[in-house]
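Protein chains: 2
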Amino acid sequence: MPQKHFGILETEALMNSPADTSHEIATGLSVQEAQACILDRITPLETEETGLAQALGRALAEEVLANRDLPPCDVSAMDGYAARAADLDSAPITLQIVEDIKAGDTPRFSLQPGQCARIMTGAPLPSGADTVVRVEDTRLLENDRVEFLVPAKPATDIRLRAENMRKGDIVLRAGEEITPAAVGVLATVKRAKIKVTRKPRVAILSNGDELEALNEPLDPRKIPDSNSYALMAQVQALGIEPVLLGIACDKPDELAGFLERGLEHDVLLISGGTSVGDHDHVRPTLTTLGVTMHFWRVEMRPGHPMAFGTTKHAFVFCLPGNPVSSMVCFEQFVLPALRRLMGHRRLFRRTIPVRLAQAVKSRQNRVEFVRATLSRDASGAYMATPAASQSSGDILSMTRADALIVAPSGRNDLATGEIAQAQLLETAIWQHTPDTEKYC
Amino acid sequence: MPQKHFGILETEALMNSPADTSHEIATGLSVQEAQACILDRITPLETEETGLAQALGRALAEEVLANRDLPPCDVSAMDGYAARAADLDSAPITLQIVEDIKAGDTPRFSLQPGQCARIMTGAPLPSGADTVVRVEDTRLLENDRVEFLVPAKPATDIRLRAENMRKGDIVLRAGEEITPAAVGVLATVKRAKIKVTRKPRVAILSNGDELEALNEPLDPRKIPDSNSYALMAQVQALGIEPVLLGIACDKPDELAGFLERGLEHDVLLISGGTSVGDHDHVRPTLTTLGVTMHFWRVEMRPGHPMAFGTTKHAFVFCLPGNPVSSMVCFEQFVLPALRRLMGHRRLFRRTIPVRLAQAVKSRQNRVEFVRATLSRDASGAYMATPAASQSSGDILSMTRADALIVAPSGRNDLATGEIAQAQLLETAIWQHTPDTEKYC
Numbered sequence: 001m002p003q004k005h006f007g008i009l010e011t012e013a014l015m016n017s018p019a020d021t022s023h024e025i026a027t028g029l030s031v032q033e034a035q036a037c038i039l040d041r042i043t044p045l046e047t048e049e050t051g052l053a054q055a056l057g058r059a060l061a062e063e064v065l066a067n068r069d070l071p072p073c074d075v076s077a078m079d080g081y082a083a084r085a086a087d088l089d090s091a092p093i094t095l096q097i098v099e100d101i102k103a104g105d106t107p108r109f110s111l112q113p114g115q116c117a118r119i120m121t122g123a124p125l126p127s128g129a130d131t132v133v134r135v136e137d138t139r140l141l142e143n144d145r146v147e148f149l150v151p152a153k154p155a156t157d158i159r160l161r162a163e164n165m166r167k168g169d170i171v172l173r174a175g176e177e178i179t180p181a182a183v184g185v186l187a188t189v190k191r192a193k194i195k196v197t198r199k200p201r202v203a204i205l206s207n208g209d210e211l212e213a214l215n216e217p218l219d220p221r222k223i224p225d226s227n228s229y230a231l232m233a234q235v236q237a238l239g240i241e242p243v244l245l246g247i248a249c250d251k252p253d254e255l256a257g258f259l260e261r262g263l264e265h266d267v268l269l270i271s272g273g274t275s276v277g278d279h280d281h282v283r284p285t286l287t288t289l290g291v292t293m294h295f296w297r298v299e300m301r302p303g304h305p306m307a308f309g310t311t312k313h314a315f316v317f318c319l320p321g322n323p324v325s326s327m328v329c330f331e332q333f334v335l336p337a338l339r340r341l342m343g344h345r346r347l348f349r350r351t352i353p354v355r356l357a358q359a360v361k362s363r364q365n366r367v368e369f370v371r372a373t374l375s376r377d378a379s380g381a382y383m384a385t386p387a388a389s390q391s392s393g394d395i396l397s398m399t400r401a402d403a404l405i406v407a408p409s410g411r412n413d414l415a416t417g418e419i420a421q422a423q424l425l426e427t428a429i430w431q432h433t434p435d436t437e438k439y440c
Numbered sequence: 001m002p003q004k005h006f007g008i009l010e011t012e013a014l015m016n017s018p019a020d021t022s023h024e025i026a027t028g029l030s031v032q033e034a035q036a037c038i039l040d041r042i043t044p045l046e047t048e049e050t051g052l053a054q055a056l057g058r059a060l061a062e063e064v065l066a067n068r069d070l071p072p073c074d075v076s077a078m079d080g081y082a083a084r085a086a087d088l089d090s091a092p093i094t095l096q097i098v099e100d101i102k103a104g105d106t107p108r109f110s111l112q113p114g115q116c117a118r119i120m121t122g123a124p125l126p127s128g129a130d131t132v133v134r135v136e137d138t139r140l141l142e143n144d145r146v147e148f149l150v151p152a153k154p155a156t157d158i159r160l161r162a163e164n165m166r167k168g169d170i171v172l173r174a175g176e177e178i179t180p181a182a183v184g185v186l187a188t189v190k191r192a193k194i195k196v197t198r199k200p201r202v203a204i205l206s207n208g209d210e211l212e213a214l215n216e217p218l219d220p221r222k223i224p225d226s227n228s229y230a231l232m233a234q235v236q237a238l239g240i241e242p243v244l245l246g247i248a249c250d251k252p253d254e255l256a257g258f259l260e261r262g263l264e265h266d267v268l269l270i271s272g273g274t275s276v277g278d279h280d281h282v283r284p285t286l287t288t289l290g291v292t293m294h295f296w297r298v299e300m301r302p303g304h305p306m307a308f309g310t311t312k313h314a315f316v317f318c319l320p321g322n323p324v325s326s327m328v329c330f331e332q333f334v335l336p337a338l339r340r341l342m343g344h345r346r347l348f349r350r351t352i353p354v355r356l357a358q359a360v361k362s363r364q365n366r367v368e369f370v371r372a373t374l375s376r377d378a379s380g381a382y383m384a385t386p387a388a389s390q391s392s393g394d395i396l397s398m399t400r401a402d403a404l405i406v407a408p409s410g411r412n413d414l415a416t417g418e419i420a421q422a423q424l425l426e427t428a429i430w431q432h433t434p435d436t437e438k439y440c
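Those protein sequence lines, which keep their order, are chains A and Y.
Mapping to this note's numbering: the first sequence position 151 is 151, numbers consecutive.
Mapping to this note's numbering: the second sequence position 23 is 23, numbers consecutive.
In isolation and in its complexed conformation, chain A is listed as follows:
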């Protein structure tokens, strides 16, 4: 296979660097094999304490217990009247209002026959009361009397003590993602500070003599460095603020300096300079710096030249130089790695079944991630339309894509109308219209 031809060349090249004679480097892995190779080597980072205002999106690193019963006692579920069901087995009937109870009050009286209490939602039931009648089923009379228009059964419209939370119960478990609702739960049990898994320190390096930095004047012969910034944003989207190391040219010593700085971080992302041309020094230099390379080259498109290595304390991802390839490889490999380091259990982007608006070719040797836009058919089912350009250099097409259709390898081509799985990209979290338009 052509890939293997490159493989041999490269293995020979690496054999010349003594540090690497130790082991074989896997090549031509499947996406799944590559993900397993990476994730098998990753465990969550150590924990740290954080405040509630900084907790969103972090992974909880402790078990959280309820510190109280909620509701704290039997309370009314409605605005209305607390009464004795025995007084209300028939209607209409008139009772005397002995007090007015709102949330947070402590009832002063125990209800006697013929008595009731006006009560607000969430207010504690007075002793003697065993039911609540909604205000709309009553009519207020003079002299603090109220007429009940319907009979009442016991235990109606009452929220029982501890029905939502019982003191001592586990409310959140270690590893849970801290969502807005979880922040609400933490506030409920009065946890202003909590243990979470710390975030990885991530460094980003671009590689290549042809690259022009953002702050450099425009040179028409050069290629602007966009990967550093797209990767920065992909990392930021996970709640991590990365360090941009800049652009390393192909001079081995200078490159080594950049890589050494990068390896001081938990994760080093390098884009470009990792294909197999004679001019690529990245992987050999990493090897001489003590990085163990576990694989290079994954059978996917875009993103074929992709390598992964480790030191005792750092993870190194060599991403392709093409802008789209770099982003797609990040989605498949770096994103789940960073999420596992952060202590999360849900590591991968949500995928949804989509009906293909156009046929998608299945490649013999590689999975293809096909940029596509989403739409709905009459039944509300999702349709995916592949973008006209699937060029790995066409980053514009990524800004217009909602999803990546996963086109399996070595299958029959996917026909128009067939169902495929599509990974939802950032923008696809949102949609233009609510479905409530149709329903509500």
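Calculated from the structure, these hints are not laboratory results.
Among the clues, some could well be false.
Any copy will do: because identical chains look the same in the list, a pair fits if it lies in one copy or spans two.
Below 25 Å or equal to it, Euclidean Cα-Cα: the simulated DSS-like pairs (lysine-lysine) are [what the hints assert, rightly or not]:
| hint | residue 1 | residue 2 |
| --- | --- | --- |
| 1 | Lys-361 | Lys-312 |
| 2 | Lys-190 | Lys-222 |
| 3 | Lys-193 | Lys-153 |
| 4 | Lys-361 | Lys-153 |
| 5 | Lys-153 | Lys-167 |
| 6 | Lys-190 | Lys-153 |
| 7 | Lys-222 | Lys-193 |
| 8 | Lys-190 | Lys-361 |
| 9 | Lys-193 | Lys-361 |
Since the structure of chain A is provided, determine the placement of chain Y on it from the hints.
For chain Y alone, kept in the frame of chain A given last:
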């Protein structure tokens, strides 16, 4: 209808406050009517300049043009040899290598018959060359000669000048969300600073004598204020850092002071104290402070008591006091409002079709948003299982929900196996396993 009974009571109550005699307040709106009532009054805020590192998730407020051609000239799409197709109409044939061209180089020679140039991916084609042959289709010989094993056609493995981006073309439009790919595009056209729509200033206030602040000692008779923090996190999830005003008790003057402070912001979120009991002063106080109330009470569950008002420069949302009701109302009404203020076009949460694992009741008068977990059936289609507890006080059930099933009103109940739409909540952006497991 019972709702209307409340409606009359409340309208009477409000009529007593002179500021409000001006207009009728709509009540019992549908979710769609309420969303329209809100969004019709909202336009994006003014623009501001931001740096690329702070741009992610913002809405672009200007049109961005390409400042260069990409590729800047015809370049090789492969590592291999640039040659004259005329020399390679048959194979095998041997050509002389005259130079070595990598990305960023300027070719020194024009290819003559019998000559070729070794060329790297992205490197400029030398003049005379009209095709590229991949290295795996060649065999390197001694004395800088290379044997081509296959014939070559013109224009093979060449990326043409400007094929990805042409100088002067529009690359991003005003209103586009700045995704990681868009950040890459902005870096490509060397825009270190860009115009975006500014973020709204959001204030959050909880209301109710029964509430206990996070920093207060535990009082078993009280209810912890969780809504301030759940709302804080829901706002943070949109990239906005809100201001927490704290807890207002039911004393009218104190409440007025809190509300005045809140109205100095673009958006004021108030949770609790807005049901229709005699003890609720929030809406009357807002009215006396010059807030025009547009509706209160939306026919939905959870979240029935929900009000919306405006001043010349502020939007006020009165959310229910129950934790789940507050969060669900935020999702349906506040979230799209904040996204529109931020200049976004995609205002609503993504919904997907799901097959119901259990029947869901359709209410006569109101849409129900049913907490549910997602799973996949054998075919890869989504199943939604409603949570056991749908209590509006049970915030724990929100931490375990992936989605909200939208149960339309006034329909037949949704049967097991029927398809419904489900709004994906925060956690549902991620899933445990990649679909590549099945395919790659």
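Now the hints, each set against the structure:
1. Taking the shortest alpha-carbon separations for Lys-361 and Lys-312, neither the intra-copy value of 41 Å nor the inter-copy value of 56 Å comes in at or below 25 Å.
2. For a Cα distance limit of 25 Å, the shortest separation of Lys-190 from Lys-222 across copies, 12 Å, qualifies, whereas the shortest one inside one copy, 56 Å, does not.
3. Taking the shortest alpha-carbon separations for Lys-193 and Lys-153, neither the intra-copy value of 45 Å nor the inter-copy value of 67 Å comes in at or below 25 Å.
4. With identical chains, the CA atoms of Lys-361 and Lys-153 are at most 25 Å apart between copies only, with a shortest distance of 23 Å across copies and 66 Å within one.
5. With identical chains, the CA atoms of Lys-153 and Lys-167 are never at most 25 Å apart, being 30 Å at best within one copy and 77 Å at best between copies.
6. For the identical chains of this complex, Lys-190 and Lys-153 are neighbours neither inside a copy (37 Å) nor across copies (72 Å), given an alpha-carbon limit of 25 Å.
7. Proximity of Lys-222 and Lys-193 under a CA criterion of 25 Å is satisfied inter-copy only: 21 Å between copies versus 50 Å inside one chain copy.
8. Taking identical chains as interchangeable, the C-alpha atoms of Lys-190 and Lys-361 are never at most 25 Å apart, the minima being 55 Å within one chain and 35 Å between chains.
9. In the homo-oligomer, the alpha carbons of Lys-193 and Lys-361 never lie at most 25 Å apart, since the shortest distance is 52 Å inside one protomer and 40 Å across protomers.
Checked against the numbered hints listed earlier, the structure breaks hints 1, 3, 5, 6, 8, 9; every other hint is satisfied.
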